[in-house]
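Number of protein chains: 2
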Amino acid sequence: MSAAALITGQPGPAQRRAMAKAITLLESTRLDHREQADALLTELLPHAGRSLRLGISGVPGVGKSTFIEALGLFLIARGHRVAVLAVDPSSSVSGGSILGDKTRMERLSMDERAYIRPSPSSGTLGGVAEKTREALLVCEAAGYDIVIIETVGVGQSEIAVAGMTDMYCLLQLPNAGDDLQAIKKGVMELADLVLINKADLDRAAATRAQAQIASSLRLYGLHGHPEHAHHDKSIWHPQVMPLSALKADGIEAFWGQVERFREIQQANGRFAAKRQQQAQAWMWERIHAGLREQFSQAPAVRAILAETTAQVLRGTLAASTAARLLLHKFSGDEHHA
Amino acid sequence: MSAAALITGQPGPAQRRAMAKAITLLESTRLDHREQADALLTELLPHAGRSLRLGISGVPGVGKSTFIEALGLFLIARGHRVAVLAVDPSSSVSGGSILGDKTRMERLSMDERAYIRPSPSSGTLGGVAEKTREALLVCEAAGYDIVIIETVGVGQSEIAVAGMTDMYCLLQLPNAGDDLQAIKKGVMELADLVLINKADLDRAAATRAQAQIASSLRLYGLHGHPEHAHHDKSIWHPQVMPLSALKADGIEAFWGQVERFREIQQANGRFAAKRQQQAQAWMWERIHAGLREQFSQAPAVRAILAETTAQVLRGTLAASTAARLLLHKFSGDEHHA
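Protein sequences, first through last, are from chains A and B.
Residue numbers for the first sequence, in full-length UniProt numbering: 1 to 337.
Residue numbers for the second sequence, in full-length UniProt numbering: 1 to 337.
Be aware that a few hints might be false.
In this list, chains with the same sequence are indistinguishable; a pair is considered to hold if it fits within one copy or across any two.
To be verified - Calculated pairs, EDC-like style, for lysine to aspartate or glutamate (alpha carbon to alpha carbon, straight line, at most 20 Å):
| hint | residue 1 | residue 2 |
| --- | --- | --- |
| 1 | Lys233 | Asp111 |
| 2 | Lys329 | Glu293 |
| 3 | Lys329 | Glu35 |
| 4 | Lys233 | Asp249 |
| 5 | Lys329 | Asp32 |
| 6 | Lys329 | Glu263 |
| 7 | Lys329 | Glu285 |
| 8 | Lys329 | Glu307 |
| 9 | Lys233 | Glu293 |
| 10 | Lys274 | Glu43 |
What the hints contain is simulated information worked out from the structure, not anything from laboratory work.
The structure displayed is predicted, hence computed values, not measured ones.
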């Protein structure tokens, strides 16, 4: 049987092995592997797209793994099949912090209705994000109907995850310092739902944080999206909910909000439109990254880049003149690929 | 006399005419003009770099023009020569809102020790910013020792201006709504100094705003730059100052802070280091913009871009596969320039 047939076939050990093999192939940087991977992706694509893609982000220590395990167990008990992926651009440095150690989700990882895959560990955020996006398509083609993508607040990884999921949720601790960090980095603005975890430890602080964050989210709504100002039931207003992942308290209420979000987005047409926008943005992001790579590797550019940069730093060549000079060399170099 | 000799020569009508002509040449998109402009820039560069580059940003209505006129008059009375430029990417749409009408700075514009030039009015923010950066070099070569670059809060223009100035100042009204907008957009974080204008209209509100903004700036400092937490006199701590531009009240205190900032930055080596970083970042920004343009104009790309995009939107081609396909066409196209 072909890889695509195994992946889109019956759940079981053969499917899991084919999925793991396919994702490994997608992560390979060898050119012949890349060609096989593209052919496989194109075969799988008609079977993909039928999951809910859920992004979960939060700083280390906020309780992401505990939350995802509790959520995953809740979902498989309700008949769902759950895949958990991660975007962790720091994992190549740290040796794989997110999901690298499957024992962090011990019960979920032992269940055959769940599929857990650590973050690809190589390269730039763009490269890591690309591989996770492709792994997501493999999981969907294998019939996983909920795909959770986890990320830690490193660099721009939250933006990458918000850009590949249908709903983006931010886990926060009941404490205001964090909150400002998220506002500052523009992460809060991405959130469709903010969860205040460990709310059982300090109810009063959690209630304060909830009110504060809700007020920030309303301001974003009012300023950024005038339509949010109206109480229109066909529009989603970002929510803030308290939760205790450790006690699995609040999981069902959370899932109720997720389903409500999906219904609203599907009814108003935003669900499909957002996926199209994401696919197009992703295509351009990869084109731009590829162009930068072609440029940096072009022999005519490499021959003068160091000296040209030095002239710019010494102040003997204007930066824009230097850019034009290098671009001219690049476009004149017929063998730059 | 050559254009460069006129520009770097004696102040007077001939110099002003040569400057205006040079800036017009720099703004031209004709290829032969561009080559002349690059040659002129390279000639002027050894004479440039000796000004203080001051960025002033703030939303419409905050009183930027009134402030810049008051500051400009204060500076020329103290023997400085002051150039005022602008980055306004909306000016091509609105017909030139910033500095388009010189009567907005009537007294300053009539003084021969001041040189005021409206924002280049064409194209993308990157293009507008590039032309302003080059005009800045012309003003410096002509001996203007203070160059003020104004911008309104449109798109990413504040980031562009912060990236071409030595010191970036944000004008705010004494009102908190604004403040959140600036935090949200990451503009506050760029500011070396925040000015609360129209402070005379409501002293109490101005004092509240000052305390609030100072507290946000301290948090940025603490989180983002651990070294700011120490009270080290060789490090600049972003300041917040009340001001009334209309009454020219607070201008001298403001200038005292600007001079203190410059001294600290020069003493700790940040002044020169920041300019080098800015020049290098600018070179890469222009290279990336140029690469995107070469790509979009390559015949092999144009031939399939629409259909490839449609396949991505229909879900029959993965976005990353589409990107690889287009990049392959681009690099295989020997005549893409």
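Against the structure, the hints:
| no. | hint | result |
| --- | --- | --- |
| 1 | Lys233 x Asp111 | neither (38 Å within a copy, 59 Å between copies) |
| 2 | Lys329 x Glu293 | both (15 Å within a copy, 15 Å between copies) |
| 3 | Lys329 x Glu35 | between (30 Å within a copy, 15 Å between copies) |
| 4 | Lys233 x Asp249 | neither (27 Å within a copy, 50 Å between copies) |
| 5 | Lys329 x Asp32 | between (30 Å within a copy, 18 Å between copies) |
| 6 | Lys329 x Glu263 | neither (53 Å within a copy, 41 Å between copies) |
| 7 | Lys329 x Glu285 | between (24 Å within a copy, 17 Å between copies) |
| 8 | Lys329 x Glu307 | within (14 Å within a copy, 30 Å between copies) |
| 9 | Lys233 x Glu293 | neither (46 Å within a copy, 43 Å between copies) |
| 10 | Lys274 x Glu43 | neither (23 Å within a copy, 50 Å between copies) |
Taken one by one, the earlier hints fail for this structure at numbers 1, 4, 6, 9 and 10, listed in ascending order.
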